[in-house]
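*Asks:* Chains as they are written, first to last, in this note's numbering: chain U, 9 to 908; chain A, 9 to 908.
Treat the hints loosely; a few may be bogus.
[Stated by the list, open to error] Stretch by stretch, here's where chain U covers chain A in the computed footprint (C-beta under 8 Å, at least three residues):
no., region
1, 53-59
2, 775-785
3, 835-849
[Said to hold, decoys possible] Lysine-lysine pairs mimicking DSS-like chemistry, simulated, CA-CA at most 25 Å apart:
no., chain 1, residue 1, chain 2, residue 2
4, A, Lys857, U, Lys840
5, A, Lys855, U, Lys851
6, U, Lys840, A, Lys753
7, U, Lys521, A, Lys682
8, U, Lys20, U, Lys78
9, U, Lys684, A, Lys514
10, U, Lys840, A, Lys840
11, A, Lys840, U, Lys855
12, A, Lys855, U, Lys840
13, U, Lys852, A, Lys840
14, A, Lys182, A, Lys239
15, U, Lys855, A, Lys852
16, A, Lys851, U, Lys840
17, A, Lys521, U, Lys682
18, A, Lys344, A, Lys28
19, A, Lys246, U, Lys753
20, U, Lys852, A, Lys852
21, U, Lys855, A, Lys851
22, A, Lys840, U, Lys851
23, U, Lys561, U, Lys579
24, A, Lys851, U, Lys851
25, U, Lys246, A, Lys753
26, U, Lys514, A, Lys682
27, U, Lys11, U, Lys78
28, U, Lys851, A, Lys28
29, U, Lys753, A, Lys239
30, U, Lys861, A, Lys840
31, U, Lys857, U, Lys771
32, A, Lys64, U, Lys753
33, A, Lys852, U, Lys840
Honestly, the hints are just simulated from the structure, not real lab data. Quick reminder that beta carbons are idealized off the backbone N, C-alpha and C, glycines included.
Read off the chains here:
2 protein chains.
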Amino acid sequence: MNKTIFVFGNGKADGNANDKNILGGKGANLAEMTHIGIPVPPGFTISTEVGTYFMKNNTYPLQFKSDVKKGLKFVEKNMNQIFGDSDNPLLISIRSGARQSMPGMMETVLNIGLTEKTIPGLIQKSGNSRFVYDAYRRLITMYSDVVMEKGNSNLATVKDGIREQLEQIMLNLKNKKGIKHDTELSSEDLSQLCKLYKKKIFEVLGEEFPDDPFLQLWGGIGAVFSSWNGKRAIKYRKIENIPNEWGTAVNVQAMVFGNMGDSSATGVAFTRNPATGENKFYGEWMVNAQGEDVVAGIRTPNPLNENSKTSESSNLISLEQANPKIYSELLVYREKLEKHYRDMQDIEFTIQDDILWMLQTRTGKRNGGASIRIAIEMYENEEISKEEAILRISPEQLDEIMHPMIDPEAEKLSEIITKGLPAGPGGGCGQIVFTADDAEQWAKTGKKVILVRTETSPEDVHGMHVAEAVLTARGGMTSHAALVARGWGKCCIVGCNEICIDNDNKSFSINNKILKEGDWISLNGSNGNVYNGKINLIFPDLDQNIYYKKLMKLTDEIKKLTIRTNADSPKDAIQARKFGAEGIGLCRTEHMFFAPERIINIRKMILADSKEGRKIALSKLLPFQKSDFKGILSAMSPFPVTIRLLDPPLHEFINLNNSQIKKLAFDLSISEEKVKERIESLHESNPMLGHRGCRLGIAFPEITKMQAQAIFEATAELISEGIQVFPEVMIPLVGIYSELEHQRKVVEKMAIKIQNKLNVKFKYQIGTMIELPRACMTADEIANHADFFSFGTNDLTQMTYGYSRDDVNGFLPLYIDNSIIDVDPFQSLDQKGVGNLIIEAIKKGRKTKSNLKIGICGEHGGDPKSIQFFNNVGLDYVSCSPFRVPIARLSAGHSEIMNK
Amino acid sequence: MNKTIFVFGNGKADGNANDKNILGGKGANLAEMTHIGIPVPPGFTISTEVGTYFMKNNTYPLQFKSDVKKGLKFVEKNMNQIFGDSDNPLLISIRSGARQSMPGMMETVLNIGLTEKTIPGLIQKSGNSRFVYDAYRRLITMYSDVVMEKGNSNLATVKDGIREQLEQIMLNLKNKKGIKHDTELSSEDLSQLCKLYKKKIFEVLGEEFPDDPFLQLWGGIGAVFSSWNGKRAIKYRKIENIPNEWGTAVNVQAMVFGNMGDSSATGVAFTRNPATGENKFYGEWMVNAQGEDVVAGIRTPNPLNENSKTSESSNLISLEQANPKIYSELLVYREKLEKHYRDMQDIEFTIQDDILWMLQTRTGKRNGGASIRIAIEMYENEEISKEEAILRISPEQLDEIMHPMIDPEAEKLSEIITKGLPAGPGGGCGQIVFTADDAEQWAKTGKKVILVRTETSPEDVHGMHVAEAVLTARGGMTSHAALVARGWGKCCIVGCNEICIDNDNKSFSINNKILKEGDWISLNGSNGNVYNGKINLIFPDLDQNIYYKKLMKLTDEIKKLTIRTNADSPKDAIQARKFGAEGIGLCRTEHMFFAPERIINIRKMILADSKEGRKIALSKLLPFQKSDFKGILSAMSPFPVTIRLLDPPLHEFINLNNSQIKKLAFDLSISEEKVKERIESLHESNPMLGHRGCRLGIAFPEITKMQAQAIFEATAELISEGIQVFPEVMIPLVGIYSELEHQRKVVEKMAIKIQNKLNVKFKYQIGTMIELPRACMTADEIANHADFFSFGTNDLTQMTYGYSRDDVNGFLPLYIDNSIIDVDPFQSLDQKGVGNLIIEAIKKGRKTKSNLKIGICGEHGGDPKSIQFFNNVGLDYVSCSPFRVPIARLSAGHSEIMNK
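Bound-form chain U, shown alone:
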């Protein structure tokens, strides 16, 4: 066993900030602060190695007990106090501290060392018996809970645990005396309480509260170590992917008190404003209080300074005003710490008898906007490098500033009625409607609506478009609702299994609650919570956000990956360009078919029983497609636009009810029977594995021809108008090179025909989606016929796992709960399975054509982890929905920096 304890105090420390693996985060920072001359109460850190030894062997290493005594001596010397001494007792705190912060997940015991013997001495010394009995009361409560109860059985807090029972005693006393706050209890009250507490403890737990300071000390150390394996801690580590083997360190430190009277105080502060990022000291303090009082929210804390005043605290005296000397000392430490740690710090301090002690410093949490501002300002002030500034911003933080959010303060106070999957980030608030048509109707009258559906289909798109947000009872993160909403940056929650929709009565029930059409609800699409009633939205304004703009500029200087967007309309294309898209990587042509004047022709095409009939119907679709393509190509000029030919199985277009069948039969002058027959004949057991993708274009080359004609006529006309456009025709679902060869011929022939007919030369490319495992394994053959590859990772994930996106919710939640799978592979690329197929395809494709352009246009194009993977394996571009473009740019930047 190596060194077991690491002392710190009075400007010297055994460790430093780099020793987090051994000392934990807290311990390392305490050592570091001591080193740089910050006044930290002396103490020592017990290493994580002792912790893991203890966990494994249920005992301590040999020399450990004597080491602890040495550490205690060091503290006694520095505090000039003696642990357990009747005249001048030293009190200590015992706190956990893992490598990575696990806030609130492990245990703490304060005021260790208070006993019948040391109480009188401390009263004598502090001249404040109320303070002493209050401290004793706190010790007894914490110790009985943490050490005697949980430390024994490693149980999580139970409802009628000892802590609750003790608190009930205090409540009874307060009721009896008719008082409201703990602070109104007198010294005698507290002394009396301590006696009652100890009696109760013996009754409930069957053992005496220990009156020996060393018993307290060892009990505390053991309990804090054991709390590493508490239920909450284990669950948290699972979520945060913290290895169980790390274990925690334990910090034993001299107590200092902010509650020793009016010359004492406690406070927390951020070196910059964590809500805005503004470079102004920000915090709160409270006189005659301990840290837990601030957290408990019993009194409104005082503002630290002018900047920190809120509407609630504007009348309260600031530390700056109350104690300018201490405040200016604090300012010095603020500067010192931020300079030292090169980031905004979250600090805790205590003033004991007009002496300032710094208890903790750590990197301060901040919201997305603040994070960006702080990073940019620190970079501009040359405190951090460009790379560091970029790495400081997480993709989630960037995402945060792009969407309207529901007011986080109001959110805390609102009633959660259910929870679903956070499919479209941001917030939404509106009145419930149950059909797309109702949504449209209500929106026309100026109402804000939330569209609630069991699932959505392409025919709901117009209603989704006008809705503030979309809520579905079924579906996963890549369901239709999720894909469409995310593409628009619209708030969306899917897979709310608890919702039972009653379309007839226009209402839905959640458990026993019923909500009706017109009722207000609010959605937080970033965490999946659904709230009853209205919550205000906070809207971002990226155009005005100079920090965002600067961040993106820095990122673009570093990233190499091209970021394109998935867009099916000129509006989306324009939106994506604003976000920095450098082309369209996926323009789905089938989405263009659903408008009523178009769908009739696609249905006629499908129901035609001859090539001629199909051609006539297709010829009616041609002008629509052409004008769509003109719009999109010119919106994206001069960047390339990848247009995918028709992909979904035809029966998706003829999912009709009886009245629609009737109408269609009338329009087509054929019998309803005939319509039904044809629909029936298109039925497939597994449409995802059926007649779709290029299989359609091969069976019906006239569809490919029409689409190619529309693309190339649009191109030729735009070129004639002097607009530079570059279409890339993408053949979907190729699994065999000969499929691509076949479709390529059809498209090329049309390109030549149009160039000749319109007498315009234009450039174009023909490529394919790589979305079948077979395409990956035979990419060398396919590359012979492709100008580019674009990975369709949605389908590729489906086929590789054998999961249907539409059905995966039947077992995926169970898989994630049981740790069979870590993360939904439709959200973040499965690098081991799907990723290796991608690597194989790239290797094979580039073996055939070393300069083959390769990108990805599946949902994973907007996922940061996946983007890093794509960058690392040598893709040329990723394509994602417009609202993910900035995030993709940032992630691409991160990837480059981390590869250096």
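On the provided structure of chain U, position chain A as indicated by the hints.
*Replies:* Chain A in isolation, oriented as in the chain U frame:
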């Protein structure tokens, strides 16, 4: 350009049998025969290089014309005749001859050299003017058709082509004269006909029939070369995978005549009996006739010898009797040729004026039984090696002898009413029924039935079992009907799209024909033909077939691959052992659930809303499963039995109609609504990619537990009875190692529990199917938890291609027609795509566990080409349906031999 012509004649030849690439098969054999002293009419072969040059450039190489003249000189010298000479004219034939035989696909012109000038000389010389005009008539007919019509435009025969028009003239003449046979036409008649023919030719084709022998010669050569690109030839090459680049050679050879009078004759013979394989000379001959007369079937040919007599020809004189001298000469050549070519030969001969000429020899076609007998007898006679004997038998030939077949002679005379996919080989004949229950009912009364269904499902199995054959209107080669029938070796035709079933009226229509319940039909499951009426069946008796047994013994001495079988019942297991299976590679447990007394419990299990409810239902299934496993394990003792745990999506078991729902609701004492709700909740968009395989066992571990309990209790009880059994538990559809880890734990725990409970030790293994692309890519991780891998190539093919077996018929026929794909990948393994995934999985799996046992249990386990692949990539075993076991053994032997 290399040598363009290769002469042969009078014991000398430029080439030999090894020169097939240059001389074509026919030319090489003519050269070879000449070398070994067989009397072949002299001639020369024009090389395939000239053919490809001509195809490419539409002209001949420079020196070619003079080379042909040299060749002609050689023939003239050897025949002592002069081409075009008025006194002693040489006539020649021009025949095609590709590297690989393409029987009847290309053209031939005979009697070239007959002109107004040479006719009198030939009459003079032969003393037979009728013969000469008959030859002239034939020349004019062939030449006008092959050279003047087809040779001009490369058109296939059209209905009113010149040949038909000329034949009409002859018919008119015969009618006028009141005669029936061509042979009754007199010399004058024929001379007259020739004049009428030439007139007609000029009228129809606008040019004169050439009267210059050299014009005829060059016309003939060009037309025969051109016939390589005739429609029929191209189609045939596509089917047989013959490259277009090969081109054909052309054989120019002196004519000899079997129709020069009663001392002339023609004949064909096999060196052994092609129907039985018996080592006896077999053939037919015809006096005063040309080869085409034998083929045309105008007269019944005479038997060659006693052995060759049939019921039809028993009264006719044999060659042996008619001309013992020639016959004994023929016997010498028979021996010489068979010894030389070391295989049974198919020979053609002509006797001209009592002189025997051998026109052709080639390896004789034979049926499966004959093939085996010939190979075994030649091996036993030390004419060929063991390896050669094995390679001589194709898997198709072996298959042929395993199933009853419909009488091939009767088949030719029967009316084909439709055609489907040949899903289960062999023949079947019976009365039509439309439901499984009817099938059972009728069969009980001793009737033979054919079950006709749109598709079959597991609930039809009892009806399929009693039926002679199964016919379905939908489904592909791996549909339910196909899989089940093939497993039983039962005749089955699927995907008969033309059939329209009217279940209400118990009839079906094909185009305009209607067949009713009780009507007789006959099926040829080896070619997919459906016949109207009864056709007799011919039944094999393998137990009596000593040649088959010897072949299998030889094969087993050579093969290394273990052959297991897919079997779900003791009966199948016993059948497979007879065929030589060395274990069960796939025992599907779900098939065991469909019997009425079982299905009710599986339905109860599915509809239970609690774990407890499921457990109760499962406990009722346990005894059934256990007794099934006991039966199968002991039937296969001491070989291993791989048992796959429940695989299909649960809703397959609750595909119910309203009355079934009603009954189930009653049985379960729950509402119909509840039953419907649960069924609805199990609905999936793409069940193939849904909640199935190990996903079920993970969601409902109690299913896995019950199955493991049944397996291990069966094992323990059998072991106690002294029966050696070895179960291998197979977890299906694993894509993530943690799935297998999870299920393995459940199974292992049960194994330990049963061993302790019953106090019996037994051995077992736990492994997984590798049937998802992800399983292949992560096989290294999965191997950590697997004792064996078994490739499920059906699902792996589905996922790799993104094809649903149930839907693939929507486009696969089109793909095959358009050469997008060569062969249905569900029938023969796609080596490039799926195969590479398999190789990847083997590599990764064995990297983790070098001795990992790996096999395959998909449909491809019975496909010869696929078996060779599996052998080459290092699998330990393949598993196939019982009736494929001998074929798999043979294929495994082939593979070993070919690898040497």
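*Asks:* Give a verdict on every hint.
*Replies:* Comparing the hints with the structure gives:
{"no.": "1", "hint": "53-59", "verdict": "violated (count 0)"}
{"no.": "2", "hint": "775-785", "verdict": "holds (count 5)"}
{"no.": "3", "hint": "835-849", "verdict": "holds (count 6)"}
{"no.": "4", "hint": "Lys857/A x Lys840/U", "verdict": "holds, 19 Å"}
{"no.": "5", "hint": "Lys855/A x Lys851/U", "verdict": "holds, 22 Å"}
{"no.": "6", "hint": "Lys840/U x Lys753/A", "verdict": "holds, 24 Å"}
{"no.": "7", "hint": "Lys521/U x Lys682/A", "verdict": "holds, 22 Å"}
{"no.": "8", "hint": "Lys20/U x Lys78/U", "verdict": "holds, 16 Å"}
{"no.": "9", "hint": "Lys684/U x Lys514/A", "verdict": "holds, 23 Å"}
{"no.": "10", "hint": "Lys840/U x Lys840/A", "verdict": "holds, 22 Å"}
{"no.": "11", "hint": "Lys840/A x Lys855/U", "verdict": "holds, 16 Å"}
{"no.": "12", "hint": "Lys855/A x Lys840/U", "verdict": "holds, 16 Å"}
{"no.": "13", "hint": "Lys852/U x Lys840/A", "verdict": "holds, 13 Å"}
{"no.": "14", "hint": "Lys182/A x Lys239/A", "verdict": "violated, 33 Å"}
{"no.": "15", "hint": "Lys855/U x Lys852/A", "verdict": "holds, 23 Å"}
{"no.": "16", "hint": "Lys851/A x Lys840/U", "verdict": "holds, 16 Å"}
{"no.": "17", "hint": "Lys521/A x Lys682/U", "verdict": "holds, 22 Å"}
{"no.": "18", "hint": "Lys344/A x Lys28/A", "verdict": "holds, 21 Å"}
{"no.": "19", "hint": "Lys246/A x Lys753/U", "verdict": "holds, 21 Å"}
{"no.": "20", "hint": "Lys852/U x Lys852/A", "verdict": "holds, 19 Å"}
{"no.": "21", "hint": "Lys855/U x Lys851/A", "verdict": "holds, 22 Å"}
{"no.": "22", "hint": "Lys840/A x Lys851/U", "verdict": "holds, 16 Å"}
{"no.": "23", "hint": "Lys561/U x Lys579/U", "verdict": "holds, 24 Å"}
{"no.": "24", "hint": "Lys851/A x Lys851/U", "verdict": "holds, 18 Å"}
{"no.": "25", "hint": "Lys246/U x Lys753/A", "verdict": "holds, 22 Å"}
{"no.": "26", "hint": "Lys514/U x Lys682/A", "verdict": "holds, 23 Å"}
{"no.": "27", "hint": "Lys11/U x Lys78/U", "verdict": "holds, 12 Å"}
{"no.": "28", "hint": "Lys851/U x Lys28/A", "verdict": "violated, 41 Å"}
{"no.": "29", "hint": "Lys753/U x Lys239/A", "verdict": "holds, 24 Å"}
{"no.": "30", "hint": "Lys861/U x Lys840/A", "verdict": "holds, 24 Å"}
{"no.": "31", "hint": "Lys857/U x Lys771/U", "verdict": "holds, 19 Å"}
{"no.": "32", "hint": "Lys64/A x Lys753/U", "verdict": "holds, 24 Å"}
{"no.": "33", "hint": "Lys852/A x Lys840/U", "verdict": "holds, 13 Å"}
In the structure shown, a violation is registered for the earlier hints numbered 1, 14, 28, in ascending order.
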